[in-house]
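My numbering numbers the first residue of the sequence shown as 36 and each following residue consecutively.
Derived from the structure by calculation, the hints contain no laboratory data. Incorrect hints may have been included.
[As the list claims (entries may be wrong)] Derived CB-CB ranges, DEER-like:
no., residue 1, residue 2, range
1, GLY57, SER77, 18 to 24 Å
2, VAL72, ILE48, 40 to 46 Å
3, CYS89, PHE110, 50 to 56 Å
4, SER96, PHE44, 47 to 53 Å
5, ILE41, VAL73, 54 to 60 Å
6, VAL72, TYR103, 25 to 31 Å
7, PRO84, PHE44, 42 to 48 Å
8, THR74, ARG47, 26 to 32 Å
9, VAL53, SER107, 25 to 31 Å
10, SER111, LEU90, 54 to 60 Å
11, CYS89, ASP109, 21 to 27 Å
12, SER40, GLN83, 21 to 27 Å
Every residue gets a Cβ at the ideal spot worked out from N, C-alpha and C, and that includes glycine.
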Amino acid sequence: MTEKSIISFLERITAGGVPALGGRSISQRIKRIIYEVVTNISEMFRAQPLLTLCLFGVPLSFLSLISYCICSTDFSVDRDEIYPDEDDDSFVSDDENHQKED
Numbered sequence: 036m037t038e039k040s041i042i043s044f045l046e047r048i049t050a051g052g053v054p055a056l057g058g059r060s061i062s063q064r065i066k067r068i069i070y071e072v073v074t075n076i077s078e079m080f081r082a083q084p085l086l087t088l089c090l091f092g093v094p095l096s097f098l099s100l101i102s103y104c105i106c107s108t109d110f111s112v113d114r115d116e117i118y119p120d121e122d123d124d125s126f127v128s129d130d131e132n133h134q135k136e137d
């Protein structure tokens, strides 16, 4: 790089001819985080594909199973159909049993 190329580059920056490719803005930080996550996951998959699939697949399968169970429950069944009220005398407390004998 020569001195003239650096000066012309700086002049183009001040004129707005060169797009900004960095900084510390929130959007740039989010882009960096996304880039780091994607590159790390791709390198993990390249090095250990089975371990990476287990690392992400098992929690994802449990999460999908939980969400399926939550979303597919049947709310049309009444509580009485599942737990019927039993008027059976088999479960009687001692006080009630004593009153019956009298």
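Outcome of the hint check:
Roughly 23 Å separates the CB atoms of GLY57 and SER77, a value that falls within the hinted 18 to 24 Å. The given range of 40 to 46 Å is broken by VAL72 and ILE48, whose C-beta atoms sit roughly 30 Å from each other. The hinted range of 50 to 56 Å is not satisfied by CYS89 and PHE110, whose Cβ atoms lie roughly 35 Å apart. A hinted range of 47 to 53 Å for the beta carbons of SER96 and PHE44 is consistent with their spacing of about 52 Å.
Between ILE41 and VAL73, the C-beta spacing of about 33 Å breaks the proposed range 54 to 60 Å. For VAL72 and TYR103, the hinted distance range of 25 to 31 Å is satisfied, since their beta carbons lie about 26 Å from each other. Against the hinted window of 42 to 48 Å, the Cβ-Cβ separation of PRO84 and PHE44 comes to about 43 Å, which satisfies the hint. The given range of 26 to 32 Å is respected by THR74 and ARG47, whose C-beta atoms sit roughly 30 Å from each other.
A C-beta distance of roughly 55 Å is found between VAL53 and SER107, which places it outside the suggested range of 25 to 31 Å. At about 39 Å, the CB distance of SER111 to LEU90 disagrees with the hint of 54 to 60 Å. The beta-carbon spacing between CYS89 and ASP109, approximately 33 Å, falls outside the hinted interval of 21 to 27 Å. Against the hinted window of 21 to 27 Å, the Cβ-Cβ separation of SER40 and GLN83 comes to about 44 Å, which falls outside the hint.
Checked against the numbered hints listed earlier, the structure breaks hints 2, 3, 5, 9, 10, 11, 12; every other hint is satisfied.
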